[in-house]
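Trainee: Each chain, letter by letter, is given below.
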Amino acid sequence: MKMRPLFTPIFIISSIFLFNACTPPVNLNSNIPVEDRGTTSNNANQTATTNTSANDAANDPLNNPKSVLAKRSIYFDYDSFTIKEQFLSTIQAHADYLIKHPSRKILIQGNTDERGGREYNIALGQKRAEAVRKSLALLGVSESQVEAVSLGKEKPKATGEDEAAWSENRRADIIYQ
Amino acid sequence: MKTILYRSLCTIFLLCSTLAQAQLDIEISGIGANQIPIIVSGFDGESNAPQNISKIIKSDLTQSGAFKLIESGNIAANINPASLTQWKTKGAEALATGSIQKLANGSYDVRYKLFDTLKSSELSTLTLLEQTPQLRTSAHKIADDIYQKLTGTRGIFSTRIAYITQSSNQYRLEIADADGERVQEVFHSSEPIISPTWSPDGTKIAYVSFEAKKPIIYVYNLANKQKTILANFKGSNSAPAWSPNGKQLAIALARNGLTQVYLINADGSNLRRLSNNNNIDTEPQFSADGNSIYFTSDRGGNPQIYKTPISGGNAQRITFNGSYNISPRITPDGSTLIYVSRRDGQFQLFSQNLSNGQEQRLSDAAESPSISPNGKYILYTPGAKHNFLKVVSIDGLTQYTLKTKSSNIREPAWGPFTQ
Numbered sequence: 001m002k003m004r005p006l007f008t009p010i011f012i013i014s015s016i017f018l019f020n021a022c023t024p025p026v027n028l029n030s031n032i033p034v035e036d037r038g039t040t041s042n043n044a045n046q047t048a049t050t051n052t053s054a055n056d057a058a059n060d061p062l063n064n065p066k067s068v069l070a071k072r073s074i075y076f077d078y079d080s081f082t083i084k085e086q087f088l089s090t091i092q093a094h095a096d097y098l099i100k101h102p103s104r105k106i107l108i109q110g111n112t113d114e115r116g117g118r119e120y121n122i123a124l125g126q127k128r129a130e131a132v133r134k135s136l137a138l139l140g141v142s143e144s145q146v147e148a149v150s151l152g153k154e155k156p157k158a159t160g161e162d163e164a165a166w167s168e169n170r171r172a173d174i175i176y177q
Numbered sequence: 001m002k003t004i005l006y007r008s009l010c011t012i013f014l015l016c017s018t019l020a021q022a023q024l025d026i027e028i029s030g031i032g033a034n035q036i037p038i039i040v041s042g043f044d045g046e047s048n049a050p051q052n053i054s055k056i057i058k059s060d061l062t063q064s065g066a067f068k069l070i071e072s073g074n075i076a077a078n079i080n081p082a083s084l085t086q087w088k089t090k091g092a093e094a095l096a097t098g099s100i101q102k103l104a105n106g107s108y109d110v111r112y113k114l115f116d117t118l119k120s121s122e123l124s125t126l127t128l129l130e131q132t133p134q135l136r137t138s139a140h141k142i143a144d145d146i147y148q149k150l151t152g153t154r155g156i157f158s159t160r161i162a163y164i165t166q167s168s169n170q171y172r173l174e175i176a177d178a179d180g181e182r183v184q185e186v187f188h189s190s191e192p193i194i195s196p197t198w199s200p201d202g203t204k205i206a207y208v209s210f211e212a213k214k215p216i217i218y219v220y221n222l223a224n225k226q227k228t229i230l231a232n233f234k235g236s237n238s239a240p241a242w243s244p245n246g247k248q249l250a251i252a253l254a255r256n257g258l259t260q261v262y263l264i265n266a267d268g269s270n271l272r273r274l275s276n277n278n279n280i281d282t283e284p285q286f287s288a289d290g291n292s293i294y295f296t297s298d299r300g301g302n303p304q305i306y307k308t309p310i311s312g313g314n315a316q317r318i319t320f321n322g323s324y325n326i327s328p329r330i331t332p333d334g335s336t337l338i339y340v341s342r343r344d345g346q347f348q349l350f351s352q353n354l355s356n357g358q359e360q361r362l363s364d365a366a367e368s369p370s371i372s373p374n375g376k377y378i379l380y381t382p383g384a385k386h387n388f389l390k391v392v393s394i395d396g397l398t399q400y401t402l403k404t405k406s407s408n409i410r411e412p413a414w415g416p417f418t419q
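Keeping their order, the protein sequence lines are chains A and B.
In terms of the numbering used here, the first sequence opens at residue 1 and continues consecutively.
In terms of the numbering used here, the second sequence opens at residue 1 and continues consecutively.
If you are wondering where the hints come from, they were derived from the structure by calculation, not from laboratory data.
Ideal Cβ positions, reconstructed from N, Cα and C, are used throughout, including at glycine.
Now the stretches of chain A that chain B is said to cover, found in silico as 3 or more residues with beta-carbon under 8 Å:
#1 107-120
#2 150-159
Computed beta-carbon distance windows for the label pairs:
#3 K225/B / Q177/A: 29 to 35 Å
#4 N63/A / S311/B: 49 to 55 Å
#5 K84/A / G357/B: 39 to 45 Å
#6 A288/B / K100/A: 52 to 58 Å
#7 Q86/A / S323/B: 27 to 33 Å
#8 S190/B / Q177/A: 16 to 22 Å
#9 A165/A / Q360/B: 32 to 38 Å
#10 A70/A / E359/B: 47 to 53 Å
#11 D344/B / A165/A: 21 to 27 Å
#12 K225/B / L62/A: 40 to 46 Å
#13 P61/A / K225/B: 45 to 51 Å
So here's chain A without its partners, still in its complex pose:
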């Protein structure tokens, strides 16, 4: 007699329920909001990086304008939130660096073009930052080294109401902290 693995359908069904809309509110008392005294980072207890000497700084590939690490921006097509193939090497390079330097942290800022509502664009910009974050995580970068945030349409790099400006602003930037 064949034994059916009963857990499989249950696992699938419960996954579907988990990802459905609106479960009852979950108490999250463990996470207390950070009180920011005006510092620019929410990682208040950041440990000192290891590259403190001038010699190390000169050798740090992050400071080399010819390195692929000098590329800090990933651009997106209209209404798109997937990483285009031409940026995969950039992401790979930053992933390698972050894995090699586990005390370095980055902020990924997602941006949108100027069309549409402000708050909805915060969420769309977040989607872009999240796409970069996920790619880095899949390549092995620790979650504690990466924070994905959105600037929505609030900090455009290019002003203008044409596709040239819009495509410049559909962008996620990697900011080393």
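Based on these hints, arrange chain B on the given structure of chain A.
Mentor: Here is chain B on its own, set in the frame of chain A:
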């Protein structure tokens, strides 16, 4: 027949002098269907007072679109009710007059009476004691009283508005009276400020700031001028919305991936996750009874407005016309949804009757609407990069412009009743 009334435009430019640096000018267009003809007389003694009280009252009543002002010259405050019939023949249904007198200690005694000219009776009277800078307050209180006695709805002339201005790389949160006067800066920043929203008791403003290179929600206490962080979780924190009793807020957080709706106590404690899916859920707004949240979600592929009970459960879709519906706002009586909808490439203001689903277009290019506390008017930004805000009545018939000297004004928030 009504169409002719709707189509006829009457533009009045009113320049209001003010002690503050910036000022907002009012330009009114559009006529409401049923206007109450009223005489507002000059007040005895106002030519010697620092503010022309009757002029402010007339400006308020005109702006509401609910009144047709009939000129009369000055009528003495101690008018004999028996003589009211002469004003009825001038077409007036109501008459307001009053007096203003300076007292020995420098304050002002302001009195007013409102008469029904058809019934030759007194409808209302007020006696107010105000310090000089607050004479505008007296005028607005009188205008509110006239509006309430004759329309049955509470007036908004004593309320305030908040909004964001941007000039070069300075962002300012400002507050002004509902007529644009007495502008005050709340604070300024070199980084963007968005989504200002008043607490229901009018003592605080929650907003989103990008000073820390990511969006963080703050609450500014207007009394002690202190700001505190409401939400700075990992990722983005935005879209604050107060509950009707002011004890909690609904917010949008992206701390585990995509943007989702959460609830949080007004002191920043007790974070609870409300939406739990792999879509974008944002722009939460409490229903009038506080038991549900309206919000914007792209779970159907495009942004639409949904409603979900706070206690958890399935979300119900509310908007169905057009492929882009955002920025839900609910009238205080819970009857109407106001939102921004993209039609033929342009973002416009719409209302939907929540009982029968009937939709009405209220404006041309518009974003970030805010409803007045009496539910009768909507304040909004007329498209990007303008020097003015606009107000449209909820029936779409009356509209006016609030102009400013700033180069870029947006994100208005209409404050609550505070008395």
